[in-house]
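Asks: These are the residues of each chain, in order.
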Amino acid sequence: MTRILGIVGLVSALYAALLLTTPSARDVGNLMDVANLQGQYGIITLGAALVIIVGGIDLSIGSVVGCSAVLFGVTMKSGVHPYAALPLVLAFGATVGLVNGLLITRLKLQAFLVTLCGMFVYRGLARLIGGTVSRTWVTDPRDPTAHPEFDTPIRNLRSGLVGKDFLGELVFPGEFILLIVLALVLGFFLHRTAYGRYWYAIGHNELAAKYAGVNVDRQRVIVYVICSTLASLAGMLLFLNMPSIQADAGGSSWELFAILGAVLGGCSLRGGEGTAIGMVLGAMVMPVVDNFVNLNGMKSDGIPAVIGLTLLLGTIIDELLRRRNAARK
Amino acid sequence: MALRLVFLAFTSLALAGCGGGNSATNAPNVAGGERPKIAVVTNCTDPFWDLCEAGANKAAKDHNVDLLFRQPEKLDAAIQMPIIEAWVKQGVNGIAVSVIDPKGQEEDLTRIAKKVSLITMDNDAAESTGRLCYVGVDNREAGRAVGRLVKKVLPNGGTIAMFIGNNSSANAIDRSGGVLDELKTPDADGKPGTHPVKKDVTGKYYGKYFLVDGEAKTDGGPGEKAVTNARDVLGRLDGVTDICMIGLYAYNPPAILEAARAKSLVGKIKIVGFDENLETLKSIAAGEIEGTVVQDPFNYGYKSVEILAAVARGDKSKLLGKGQTPYQVITKDGGPDQTINGLLIKFPKAVDFEKKIRDDLASVKK
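One line per chain: the protein sequences are A and B, in this order.
Quick note, the first sequence lines up with residues 161 to 489 if you use the numbering used here.
Quick note, the second sequence lines up with residues 97 to 462 if you use the numbering used here.
Keep in mind the hints are simulated off the structure, nothing from the lab.
Mixed in with the good hints, there may be bad ones.
Simulated pairs of lysine-lysine, DSSO-like, Cα-Cα distance not exceeding 30 Å [unchecked claim]:
{"#": "1", "chain 1": "B", "residue 1": "K248", "chain 2": "B", "residue 2": "K378"}
{"#": "2", "chain 1": "B", "residue 1": "K442", "chain 2": "B", "residue 2": "K414"}
{"#": "3", "chain 1": "B", "residue 1": "K287", "chain 2": "A", "residue 2": "K237"}
{"#": "4", "chain 1": "B", "residue 1": "K428", "chain 2": "B", "residue 2": "K304"}
{"#": "5", "chain 1": "B", "residue 1": "K442", "chain 2": "A", "residue 2": "K237"}
{"#": "6", "chain 1": "B", "residue 1": "K287", "chain 2": "B", "residue 2": "K247"}
{"#": "7", "chain 1": "A", "residue 1": "K237", "chain 2": "B", "residue 2": "K300"}
{"#": "8", "chain 1": "B", "residue 1": "K294", "chain 2": "A", "residue 2": "K237"}
To list a few chain B residues with every Cβ distance to chain A over 10 Å, as calculated [what the hints assert, rightly or not]:
{"#": "9", "residue": "R166"}
{"#": "10", "residue": "Q186"}
{"#": "11", "residue": "Q201"}
{"#": "12", "residue": "E223"}
Restraint-style ranges between C-beta atoms, simulated for each label pair [stated by the list, open to error]:
{"#": "13", "chain 1": "A", "residue 1": "A177", "chain 2": "B", "residue 2": "D309", "range": "34 to 42 Å"}
{"#": "14", "chain 1": "B", "residue 1": "A358", "chain 2": "A", "residue 2": "H241", "range": "31 to 39 Å"}
{"#": "15", "chain 1": "B", "residue 1": "K304", "chain 2": "A", "residue 2": "L288", "range": "28 to 36 Å"}
{"#": "16", "chain 1": "B", "residue 1": "D277", "chain 2": "A", "residue 2": "P301", "range": "44 to 52 Å"}
{"#": "17", "chain 1": "B", "residue 1": "K418", "chain 2": "A", "residue 2": "L276", "range": "43 to 51 Å"}
{"#": "18", "chain 1": "B", "residue 1": "K210", "chain 2": "A", "residue 2": "L262", "range": "27 to 35 Å"}
{"#": "19", "chain 1": "B", "residue 1": "A458", "chain 2": "A", "residue 2": "V466", "range": "24 to 32 Å"}
{"#": "20", "chain 1": "A", "residue 1": "V466", "chain 2": "B", "residue 2": "T337", "range": "24 to 32 Å"}
Built from N, CA and C at the ideal position, the CB exists for glycine as well.
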């Protein structure tokens with residue numbers, strides 16, 4: 161609860177700073193943009209947080225995002241209908257998670273190393289299967305290999321999942337709503353079912369969980385599958401939302417944003433801690449900071465430092481609050 | 097927990113709805129004494145864009161403008177577009193963009209051009225987007241100038257390799273296309289084949305020149321990959337003479353030079369570049385790079401802000417027509433001005449041009 165209060169305070173303070181100091185940030189359209197970015201990072205944060213709760217780590221998230229975005233484009237370009245390509249790419253994500261999970265649980269390889277290798281493998285795969293992909297590349301009527309008939313289904317998907325209208329104007333924060341729905345489902349499993357108890361138990365004390373009869377390996381594999389599937393979903397949303405995706409850059413460093421969001425949201429890297437609401441709140445931090453620096457015309461050179469320092473400050477405040485409350489108990 | 101999540105959702109939606117700010121529809125012209133707010137976004141972070149930023153800052157002072165200038169951290173339209181969208185929502189009076197993926201960004205830029213005065217610089221978008229004008233050289237013509245430099249340094253033909261950030265942006269396509277246009281002959285216009293000495297190296301023939309791998313090698317933007325690409329090609333061409341390495345983005349010539357240094361090939365291979373990276377200019381003066389074709393990014397920044405400020409004040413006379421920005425060719429010894437395809441092209445000495453660049457940078461505190 162203390163950690164939740166800490167992150168609620170941080171998010172509220174950042175929103176207050178943004179809205180009070182930057183009048184143009186109060187524009188509804190701008191706030192919807194920020195919310196959608198929060199949804200984008202939030203979806204991968206949910207997966208990263210689950211892995212962290214069971215005491216693992218997934219460094220391949222960003223590459224899976226990029227690879228899935230490219231795969232989504234390439235699959236449609238090869239003639240697969242967008243509505244069929246979506247579950248296919250989700251299946252790709254699930255397979256990646258299954259491979260990660262099996263390597264970690266059956267071969268007893270370290271999660272850090274397995275997913276670090278995955279980071280290179282899936283980035284490389286993205287570059288092998290396509291360079292730059294975009295909606296236009298898939299549907300361009302001037303290109304005989306393209307599929308102009310997919311234009312409407314792609315726009316429908318974009319409208320439903322991202323919230324952009326036919327012309328690309330954001331009319332509702334679809335990704336944020338999707339994040340809330342996913343967080344509700346995940347929160348139900350995490351806090352209301354035996355699965356959640358297994359995951360917390362594994363993160364707290366793996367051996368104790370095993371002796372208590374929990375199939376630790378199976379649960380770990382399930383969590384990695386969920387994480388990579390969510391990363392695949394985020395990749396497809398990225399494809400739908402952005403004008404184009406470069407295999408080299410799409411989703412690059414997102415694993416760090418996801419891990420940061422999870423930790424800010426109350427997940428301990430030691431495992432066994434974290435809540436669904438915390439994950440959502442943790443993911444809300446960075447887009448607000450990003451919007452603040454964008455709208456205030458800060459010098460390009462200083463932006464990464466400002467973002468990093470703000471997040472570090474948030475982490476320090478969160479930790480101090482937690483310690484103070486622990487001392488009071 | 098579910099209740100708390102529902103509460104969070106409502107809180108967020110309430111936050112989203114609390115704004116009563118201005119809508120950015122059809123950014124109005126500013127009143128007489130008001131300062132227009134102009135935004136400039138580049139395609140990545142690079143010293144090339146520092147020059148552009150210096151020019152934009154100078155114009156902002158000269159024309160009484162509030163300037164927002166961003167160099168996105170990566171050459172990626174997915175990073176660039178959210179910056180532009182945020183500025184549109186903010187209600188800026190004009191935006192200048194170095195477009196990364198003209199095809200992919202076409203739809204979004206068309207929508208944005210209906211709300212804000214939009215110009216392109218360095219890298220153009222389709223005129224159908226409704227952008228007001230393009231500030232930049234004709235990259236195809238500038239590419240041809242690079243091709244002429246290659247012909248000058250390897251008059252009897254040889255092996256060439258081209259390096260660039262990507263193969264999809266308009267400037268990349270035009271620059272590499274311009275080089276090959278200049279080199280090709282009717283009987284050797286991209287004819288596939290293997291290297292005359294290194295049979296394991298495949299490529300294409302353009303006139304007397306063999307292009308390694310048949311296309312420009314891409315690196316995704318400034319970084320280590322630009323050096324490793326060049327190093328790998330030099331490794332594959334070990335023992336081959338008459339090599340010319342062509343770097344078509346600003347960071348490519350220094351990256352090629354770095355790779356050549358690592359293989360002790362400086363002076364043994366020819367390097368021809370594009371853009372006015374200070375390292376490139378110093379190396380031309382030192383005789384390590386043969387020459388470069390430059391665009392004057394300081395002027396891109398200055399002109400972009402000047403044009404958008406004028407448009408915001410209701411004056412459209414500053415808008416540029418097609419092909420009004422000439423490139424320049426920098427070599428160690430320079431040369432007299434020439435009129436090429438209707439453009440007056442200058443050939444300054446590298447030391448003189450480097451001094452100009454340093455003066456430009458010093459003229460405005462970054």
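Asks: Would you say the C-beta atoms of B/A458 and A/V466 sit inside 24 to 32 Å of each other?
Replies: 26 Å, holds
Asks: Lying within 24 to 32 Å: is that true of the beta-carbon distance A/V466 to B/T337?
Replies: 51 Å, violated
Asks: Check the hint pairing B/K442 with B/K414 against an upper bound of 30 Å on the C-alpha distance.
Replies: 23 Å, holds
Asks: Taking C-beta pairs only, is B/Q186 more than 10 Å away from all of chain A?
Replies: The claim breaks: B/Q186 does not keep its Cβ more than 10 Å from every Cβ of chain A (closest is about 4 Å).
Asks: Using the beta carbons of B/K210 and A/L262, state whether their distance is inside 27 to 35 Å or not.
Replies: Because 52 Å falls outside the window, the suggested range is violated.
Asks: Does the alpha-carbon distance linking B/K287 and A/K237 stay inside the 30 Å limit?
Replies: Given that 30 Å is the threshold and the Cα spacing comes to 28 Å, the pair holds.
Asks: What's the verdict on B/K287 and B/K247, does the C-alpha distance respect the 30 Å limit or exceed it?
Replies: 19 Å, holds
Asks: With a cut-off of 30 Å on the C-alpha distance, tell me whether B/K428 and B/K304 pass.
Replies: 25 Å, holds
Asks: Does the Cβ distance between B/K304 and A/L288 fall inside 28 to 36 Å?
Replies: Given about 33 Å between the Cβ atoms, the range holds.
Asks: Is the nearest Cβ of chain A still more than 10 Å from the Cβ of B/R166?
Replies: Answer for B/R166: violated, closest chain A Cβ roughly 5 Å.
Asks: Is the straight-line distance between the alpha-carbon of B/K442 and that of A/K237 30 Å or less?
Replies: 46 Å, violated
Asks: B/D277 and A/P301, beta-carbon distance inside 44 to 52 Å?
Replies: 28 Å, violated
Consistency note: the structure conflicts with the earlier hints numbered 5, 8, 9, 10, 11, 13, 14, 16, 18 and 20.
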